[in-house]
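Given chain A's structure and the hints, the job is docking chain P onto it.
One line per chain: the protein sequences are A and P, in this order.
Quick note: the first sequence uses the numbering used here, first residue 292, plus one each step.
Quick note: the second sequence uses the numbering used here, first residue 292, plus one each step.
Note that these hints are calculated values from the structure, not bench results.
Note that the list lumps identical chains together, so a pair holds whenever it fits in one copy or between two copies.
List time: in silico DSS-like cross-link candidates among lysine-lysine, alpha-carbon distance up to 25 Å:
{"id": "1", "residue 1": "K402", "residue 2": "K381"}
{"id": "2", "residue 1": "K425", "residue 2": "K450"}
{"id": "3", "residue 1": "K383", "residue 2": "K403"}
{"id": "4", "residue 1": "K396", "residue 2": "K521"}
{"id": "5", "residue 1": "K644", "residue 2": "K555"}
Given the structure is predicted, the values throughout are model-derived calculations rather than measurements.
Protein chains: 2
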Amino acid sequence: MTRALNFNAGPAALPEAVLQEAQKHLLNFNGTGMSVMELSHRSKDYEEVHVGAQQQLRKLLAISEKYEILLLQGGASLQFSMIPLNLLTKGKIGHYVLTGSWSEKALKEAKKVGPTSILASSKEDQYRSIPSIKIEQLEGDGAYLHITSNNTIYGTEWKTYPSSSIPLIADMSSDILSKRINVDQFGLIYAGAQKNLGPSGLTVVIMKKDLISTPPDHLPTMLSYETYSKNQSLYNTPPTFAIYLLKLVLDWVESEGGVEVIEKRNQEKAKLLYDVIDKSDSFYSGHAKPDSRSNMNVTFTLPSEEKTKEFLHLAQEKGFVGLNGHRSVGGCRASIYNAVPVDHVAQLAEFMKWFQVRS
Amino acid sequence: MTRALNFNAGPAALPEAVLQEAQKHLLNFNGTGMSVMELSHRSKDYEEVHVGAQQQLRKLLAISEKYEILLLQGGASLQFSMIPLNLLTKGKIGHYVLTGSWSEKALKEAKKVGPTSILASSKEDQYRSIPSIKIEQLEGDGAYLHITSNNTIYGTEWKTYPSSSIPLIADMSSDILSKRINVDQFGLIYAGAQKNLGPSGLTVVIMKKDLISTPPDHLPTMLSYETYSKNQSLYNTPPTFAIYLLKLVLDWVESEGGVEVIEKRNQEKAKLLYDVIDKSDSFYSGHAKPDSRSNMNVTFTLPSEEKTKEFLHLAQEKGFVGLNGHRSVGGCRASIYNAVPVDHVAQLAEFMKWFQVRS
Numbered sequence: 292m293t294r295a296l297n298f299n300a301g302p303a304a305l306p307e308a309v310l311q312e313a314q315k316h317l318l319n320f321n322g323t324g325m326s327v328m329e330l331s332h333r334s335k336d337y338e339e340v341h342v343g344a345q346q347q348l349r350k351l352l353a354i355s356e357k358y359e360i361l362l363l364q365g366g367a368s369l370q371f372s373m374i375p376l377n378l379l380t381k382g383k384i385g386h387y388v389l390t391g392s393w394s395e396k397a398l399k400e401a402k403k404v405g406p407t408s409i410l411a412s413s414k415e416d417q418y419r420s421i422p423s424i425k426i427e428q429l430e431g432d433g434a435y436l437h438i439t440s441n442n443t444i445y446g447t448e449w450k451t452y453p454s455s456s457i458p459l460i461a462d463m464s465s466d467i468l469s470k471r472i473n474v475d476q477f478g479l480i481y482a483g484a485q486k487n488l489g490p491s492g493l494t495v496v497i498m499k500k501d502l503i504s505t506p507p508d509h510l511p512t513m514l515s516y517e518t519y520s521k522n523q524s525l526y527n528t529p530p531t532f533a534i535y536l537l538k539l540v541l542d543w544v545e546s547e548g549g550v551e552v553i554e555k556r557n558q559e560k561a562k563l564l565y566d567v568i569d570k571s572d573s574f575y576s577g578h579a580k581p582d583s584r585s586n587m588n589v590t591f592t593l594p595s596e597e598k599t600k601e602f603l604h605l606a607q608e609k610g611f612v613g614l615n616g617h618r619s620v621g622g623c624r625a626s627i628y629n630a631v632p633v634d635h636v637a638q639l640a641e642f643m644k645w646f647q648v649r650s
Numbered sequence: 292m293t294r295a296l297n298f299n300a301g302p303a304a305l306p307e308a309v310l311q312e313a314q315k316h317l318l319n320f321n322g323t324g325m326s327v328m329e330l331s332h333r334s335k336d337y338e339e340v341h342v343g344a345q346q347q348l349r350k351l352l353a354i355s356e357k358y359e360i361l362l363l364q365g366g367a368s369l370q371f372s373m374i375p376l377n378l379l380t381k382g383k384i385g386h387y388v389l390t391g392s393w394s395e396k397a398l399k400e401a402k403k404v405g406p407t408s409i410l411a412s413s414k415e416d417q418y419r420s421i422p423s424i425k426i427e428q429l430e431g432d433g434a435y436l437h438i439t440s441n442n443t444i445y446g447t448e449w450k451t452y453p454s455s456s457i458p459l460i461a462d463m464s465s466d467i468l469s470k471r472i473n474v475d476q477f478g479l480i481y482a483g484a485q486k487n488l489g490p491s492g493l494t495v496v497i498m499k500k501d502l503i504s505t506p507p508d509h510l511p512t513m514l515s516y517e518t519y520s521k522n523q524s525l526y527n528t529p530p531t532f533a534i535y536l537l538k539l540v541l542d543w544v545e546s547e548g549g550v551e552v553i554e555k556r557n558q559e560k561a562k563l564l565y566d567v568i569d570k571s572d573s574f575y576s577g578h579a580k581p582d583s584r585s586n587m588n589v590t591f592t593l594p595s596e597e598k599t600k601e602f603l604h605l606a607q608e609k610g611f612v613g614l615n616g617h618r619s620v621g622g623c624r625a626s627i628y629n630a631v632p633v634d635h636v637a638q639l640a641e642f643m644k645w646f647q648v649r650s
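So here's chain A without its partners, still in its complex pose:
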């Protein structure tokens, strides 16, 4: 069976080796006669998976002991609320940079909790770029500065991160582990797993320990970071199978040579597609401005709605999956996360060239 040419934006392609490993042991993990799904979350066998995933992530991203690695549920969407509920304490301001729909949603949830401010936004530019920001404009007593490091819908990505006196918080759902980062620059990093880390239903939070504090009295236990921190993310039953897959994906990254190797491969993959766009004499137009282009999501349109439709239709016939742009913006989008093989991206580049020639 041939694997699909999967360019889904998330849930997305997983490494074939990871799926094969999971398949092989699905009814008998580690000689237990049980699936990972059937293990008690308090058992030694599962503990090795749970702690192993945390340790492997710590190693791959060189996360110091000043940070906790928390495993949660609810997706990035729940983090949009948990962040202000835990960190937007009385008298403080949550600062947001808007670079797309996900930042907007994060801001919307924060507004329910306390005062916020928009430090910068590229909305008027149809979110084609990462705005330049002036840190000196951070007014008042800031609780944190929130950014979305990669914008799946618009195809833009932060290249360098802002530095200020308040904790930097990044929604890295769609580019975590795609490149080396200096975790010390951040107060908190969060990511839904379903792009670069594993299946949906799992959220990873990397949080500076000194930001974790006793929550306000009325905060639901499940919305307090302290609950997860105090209980090794085992206060209640975690999504054990998703965490097992996270561990397999992280082990796969290590076996490929680590984040540095993955980063180079991602640059190579992105270049294959952006080169086609740039050399197409405007047949393909990239949505993102070149200096803000994402290496994870390549967004583009064709000369007309009709041509775009024809392209997507023919692509689908040829076996390319998930090339439709997000329903909110249309156009085309190729999501080329870590697990998408170079060869699949090369096939897409060839298809794009072929389609242009025949048009």
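Showing chain P alone in chain A's frame:
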């Protein structure tokens, strides 16, 4: 490979046929060349899984169109907060019956939201029984009456449900789908999936439509039932693989003959163990009072701590998994959810008899 004799309290045994089906298609679901985990949650292939799971549950429990079936994350623990946050509106009282640690936790979260009252409790009786309640004692303007239908830790289970003028809410995490119920008796039923429905990381909520309303302004979007109801539980990315397994488990229940057949089998399984306890001349003591015994979790102790330890040790050697009582109460517990085969329970009954004879 022999399957383990799995008596885990949850995550727990899954039907072997379900795991085999999941294994077979793990890299290629429905001819897509992708795992279910790799499908877009907006794709037609996934939609069939998602809606299919909801429809199958509706059919198996004969849930009328007056109810919504919602698929969430966060476990029952998050429901402890979502219920009062959505339903404990101003001026109303949340009524709770305490039958164990989980009801206590549910109450604790409700207290953060608004006024509560304890209608009845069997705490002074070490939670050995389901207390009798006097509905006429429901004072004030009740928002709802909350019960835990089965108490995993203490091994008790409600046999009939109370009826009153306010909505009845039940945490059915550990006995949903184990027997026929009349859903019309309830305002809301919720269940973490990891006992009778599937893997951990998925919560099912069956909610009367007329209880779903526009939430208070400040409620996080992800904590509003309306968000899930309005968006077919697809507001954000759901735990797609867990929902796929839910569908497989539900299809398995149907293929076994439906809930009625499962219910009879569960009674038979529970009788095997309770008979050993009752005929052991007090060698084995059941924790629960006979009229409150759970058909899902059989809890018992031996004449001494030492004997209990020896029993658990030897049981483990013979391949029985998960017989330790909950860390909060000790003793022994055999969890015999839907997927635990009669034969495994029979083997445990034989082992218990053998152990008594040799002692």
